[in-house]
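Student: Residue strings, one per chain:
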Amino acid sequence: MMSSRKSFWLVVMIFVGIAGTVLAQEMEPEVLPETSQYKDPKTKVWFNSYGNIRIGKRFFWDAQTHFRFEETKSTPFMGQIGQIYNRHAIGYIFSKKTNVSLGGVVRINFNTDEESEDRNVVPEWRIWHQYQFAMPFYSAMLYHRIRIEHRWTQGFAEDSDYIFRNRWRYMFRAKIPLNNYKLQPKTIYISPEAELIMQSGKAVVDSPMEDLRITTTIGYIATPRLTFAAGLMYSQGQELYNGGFYKQSWTMRFHVYFSPDFRKVKNKLPDIHLTD
Amino acid sequence: MTQPIQKWLFPLFFSLTSLAMSYGQQRKTFEGPLQIGPYSGKATYQFIISDLDTVFDGDFLLQKSNLETLMENEDASFRFTGSFDEGVANGPWQFQFGEYKTNSQSQVVDYQYRVLVSGQQEIGEGVLKDGNPDGDWTYTINQIKDSEVEKILFKSSISFENGIPQQSFQIENDSSVLVGRFLRNGLAHDEWSFYATDVVEDTENWFFEDGLLQRIQTESNGVSQELPVFDASAPNYQTIPLNDRYFALLRAILNNDSGKSQIIHLLEQNIGYYSKMDGVLSHLNAPGIAANMKVRVPFYALDSLQKNTLEQIAAEYQTAAALSNAILKNSHLNIVKRTDPEALFFYQVTEKISEEFLGPLGTLAGYIEHDIVQFQEISTISGRLWPNGKPEKEIRVTGETGGEQRTFSLPSSEEFGYEGNDLLSVAALGTYARMSLEYIRGSLSSRLTNEEQLQILNGLEEELIALNNALEQQMDSLPETFPVRYKSAMTSMKRVADSALTTYASIEEPNAKLEYGQGAKTCLSQLNKLAVSVAELPKQQEEIRKKYTDAVWNPFMANVMEEEVKKRIVSAYKDVLIPYFITAITQELDCNNASTLNDQMEHTYQRMLELRDLDTKKLERKLRREKRPKEVLQLLDQQSTAKNQ
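Which chain is which? The protein sequence lines are A and B, in order.
Under my numbering, the first residue of the first sequence is numbered 1, with each subsequent residue one higher.
Under my numbering, the first residue of the second sequence is numbered 1001, with each subsequent residue one higher.
Simulated from the structure, these hints should not be mistaken for laboratory data.
Cβ coordinates follow ideal geometry from the N, Cα and C atoms, glycine included.
Among the hints, a few may not be true.
Label pairs and their computed distance ranges (CB to CB) [to be verified]: (1) A:Ser200 to B:Arg1612: 24 to 32 Å; (2) A:Phe47 to B:Lys1529: 42 to 50 Å; (3) A:Phe133 to B:Arg1545: 50 to 58 Å; (4) A:Pro76 to B:Phe1482: 55 to 63 Å; (5) A:Tyr131 to B:Ala1551: 20 to 28 Å; (6) B:Asp1613 to A:Ser139: 29 to 37 Å; (7) B:Lys1529 to A:Ala230: 26 to 34 Å; (8) A:Tyr138 to B:Thr1491: 28 to 36 Å; (9) B:Ala1551 to A:Glu115: 30 to 38 Å; (10) B:Arg1612 to A:Phe133: 34 to 42 Å; (11) B:Asp1613 to A:Thr75: 51 to 59 Å; (12) A:Ile218 to B:Glu1536: 39 to 47 Å; (13) A:Ser139 to B:Arg1612: 24 to 32 Å; (14) A:Tyr138 to B:Ser1104: 50 to 58 Å.
Simulated crosslink set (DSS-like; lysine-lysine; CA at most 30 Å straight-line) [claimed, not checked]: (15) A:Lys182 to B:Lys1547; (16) B:Lys1145 to B:Lys1042; (17) B:Lys1547 to B:Lys1521; (18) B:Lys1627 to A:Lys186; (19) B:Lys1539 to A:Lys182; (20) B:Lys1494 to B:Lys1617; (21) A:Lys186 to B:Lys1574; (22) B:Lys1627 to B:Lys1617; (23) A:Lys182 to B:Lys1042.
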């Protein structure tokens, strides 16, 4: 008599075996290279807008729209549009230093493979939630951001299926004022940042590290409600189809941060005393 | 048979008669209210009637304490006990003075209510023999806390024999001790030492020889000093009591170096307490009590001529001092001297006379008043009062602006000679000073006019000077960081004030002068107000800045930032109106517009405080185009009219 536990594992192994066989039948079997293979870096430009629209004492609407361009063979950085990206969420201000958000993303992916015969545009869907913590550090501020995304993507091939993956992102960032003793209007700041993006899901076999992004940004706080920033990002990460191959990129990023508050004056006050 | 009766009748009669006579002499007891001098309380005393007079005889008690005042605030109590012998104090006496407060908490002990008191208690006690202190007398001041002695603040112990202090004595307070001794005749003798109990190094020693103080040795903070005092080879000596007069003499001789003398301080304290006890006794028609310490001093007898001269000096000094005071304090002259070089000259001469002639003469007048001239050599006094020689008859002063020197001397100055070292020279000097001042007053009479109308002006002029001083003070008290352009506005105010005063001083005709003066007074007080407003500007601008700043939470930085709100209004205030006011004050200020400008400034500030909380969208829109100050002022107000309606 086999114990029920043993029979369970048997079932699992059979199932995985069948699935593996099916996958192997569908795709070319990928073989890991002897050593990791780094592809030539791509060059990109991102234009990002970040809106943070206060809709209540503790709630805000997080509205982000990004336009991401990348090189073509003939034009570096801005040869073609890569993605248009719409990220929205409702955020909750837990305290001045802590907030959380939950919302959805719809991203329009353009086919950037110049030789491809497939579809030009496909949508991508995500549900995301994030947890941000800020820490004052001398005149600077440090930020920790944990962002978790549940992501449905499909390839550009006709009638390709959606695959589901989870993304696990952690970002560490500092904002250091350069011409002031603290971050306030008329201040230029420098912001080094590092973000690690891991992924999981059935399709992720040997490529859990999707992206590692190292960025330095220079920003200018124009008013308490408007900030501009620009920076350069280097990133690398494993290709999904084979973890032995690493893509790389250099990205120029331009940001506008705005935080309007359309509430009536009497509701606004006292707007910093969150716990009153 | 009659014989035996007569035999015992006589003694009976005799004894009855003597009983009756002695009854007339018998003590009675009084119990009731009594006031002696400033002390009014409840008395119990025994007395006899002698020649229809009440004569104290037997025990005496006068006391006062008031529970009610003690509970309310503080009670000054006293208690005097002692005894008399036919009107003469005889036997043990005690004088108590107390000042107590209470914390108003009471407790019941057995059958008594008790309250604890804190304060000061003074006790003087000893024996009086035939009205004179005899034996050991002590005077103690205790500091009382919660009905217990916390600290002894003062204690003097002196032994007397028939009113004359004997042997050694000791006077101490909470930080120092003085010990010394007397000869049998009460003369101070040998070394009197003072030392601080907490700083043993600080000492002061007086060395007496048969009552003559020969030298004083002091040591303080490690510096020792020895001062000779009285000459042991003077032709004559006199014995005088050691009292305030002696201290005045010491201060004169030591040229105020002994002002800090600790020994004098302790002795003065002691003398004060003895006279407090004496005050009680003398009001009881009893001979007083005194410490009776004696000293010897050199004596240079004054003849009647010298005495007269001293009187003359004192009188000359009084007159001259009054004159100089009248001239220097004359408010009209103080104004006139700004424009009139002649007045300024005489004013300065008066200042110089006051300093060089009257200052030393005043000191001498003090000696005369204390009656201590005869204990000093006249030549020594003269040298001490004028260490650099007597001032010259030609009094030189330098004009305030130019370096030009002018000299004043009495027309009859040749008749005066006061270079000598005798009293007559000093008197001549006094006369010269007095006559010079009279001459100056005469010369200034047109400016010091005693006309009645100008008397009225006097009060006005005092006010003008006070206002002008206040303005100057306002300018002097500006902080270093005060903006330069505001400072120039202040300078402009001072210029307007000066010109008003100058115009005032130049007006001769009293009626016109009075009229103009009234206007100048209003002007000066308005300038003062304006100066206050300008001085306040930096503070007010900071207030406005704070008031128009909001704290905004920035979600991207996760911190709170300051944000200026209603920027156009703030900018209109800061960049248009304030510069407009300052420019107007600096360039166009006069007595006519000072008040208007000040009102506008004050009003604008108040208005700015109000506008922060009003709906100002419309105003902000209008301010976008309007940069002309007067129109901006109107706009700020228009809003208020709209709002009020």
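Student: Evaluate each hint against the coordinates.
Tutor: Verification of the hints:
About 56 Å separates the C-beta atoms of Ser200 of chain A and Arg1612 of chain B, a value inconsistent with the hinted range of 24 to 32 Å. As the Cβ distance of Phe47 of chain A to Lys1529 of chain B is approximately 60 Å, the hint placing it in 42 to 50 Å is violated. Hint check: Phe133 of chain A to Arg1545 of chain B, Cβ distance near 33 Å, so the stated range 50 to 58 Å is violated. For the hinted restraint 55 to 63 Å between Pro76 of chain A and Phe1482 of chain B, the CB-CB distance of approximately 60 Å keeps it satisfied.
The supplied range of 20 to 28 Å is met by Tyr131 of chain A and Ala1551 of chain B, whose beta-carbon atoms lie about 25 Å from each other. Distance hint check: the CB atoms of Asp1613 of chain B and Ser139 of chain A are about 34 Å apart, consistent with the given range 29 to 37 Å. As the Cβ distance of Lys1529 of chain B to Ala230 of chain A is approximately 55 Å, the hint placing it in 26 to 34 Å is violated. A beta carbon spacing of about 45 Å between Tyr138 of chain A and Thr1491 of chain B contradicts the range 28 to 36 Å that was offered as a hint.
For Ala1551 of chain B and Glu115 of chain A, the hinted distance range of 30 to 38 Å is not satisfied, since their beta carbons lie about 57 Å from each other. Distance hint check for Arg1612 of chain B and Phe133 of chain A: the Cβ-Cβ separation is about 36 Å, which falls inside the suggested range of 34 to 42 Å. Distance hint for Asp1613 of chain B and Thr75 of chain A: a CB-CB separation of about 57 Å, consistent with the stated range 51 to 59 Å. At about 43 Å, the beta-carbon gap between Ile218 of chain A and Glu1536 of chain B stays in the expected band of 39 to 47 Å.
For Ser139 of chain A paired with Arg1612 of chain B, a C-beta distance near 30 Å keeps the hint of 24 to 32 Å intact. Here the CB-CB span from Tyr138 of chain A to Ser1104 of chain B is close to 57 Å, well matched to the stated 50 to 58 Å. Only pairs whose Cα atoms come within 30 Å are accepted, and Lys182 of chain A paired with Lys1547 of chain B is accepted, the gap being roughly 21 Å. Among the hinted pairs, Lys1145 of chain B with Lys1042 of chain B is consistent with the structure: their alpha-carbon atoms are about 26 Å apart, no more than 30 Å.
Distance restraint check for Lys1547 of chain B and Lys1521 of chain B: the Cα-Cα separation of roughly 37 Å exceeds the 30 Å cut-off, and the hinted pair is therefore not satisfied. At most 30 Å may separate the alpha-carbon atoms for a hinted pair to count; Lys1627 of chain B and Lys186 of chain A meet this at roughly 26 Å. A C-alpha spacing of about 25 Å is found between Lys1539 of chain B and Lys182 of chain A, which places the hinted pair at or below 30 Å, so the restraint holds. Between the alpha carbons of Lys1494 of chain B and Lys1617 of chain B the distance comes to roughly 41 Å, so the proposed pair goes past 30 Å and is violated.
Under the criterion of a C-alpha separation no larger than 30 Å, the hint pairing Lys186 of chain A with Lys1574 of chain B is consistent with the structure, at around 20 Å. Distance hint between Lys1627 of chain B and Lys1617 of chain B is fulfilled; the C-alpha atoms sit about 17 Å from each other, no more than 30 Å. The hinted pair formed by Lys182 of chain A and Lys1042 of chain B fails the criterion: a straight-line CA distance of about 79 Å is larger than 30 Å.
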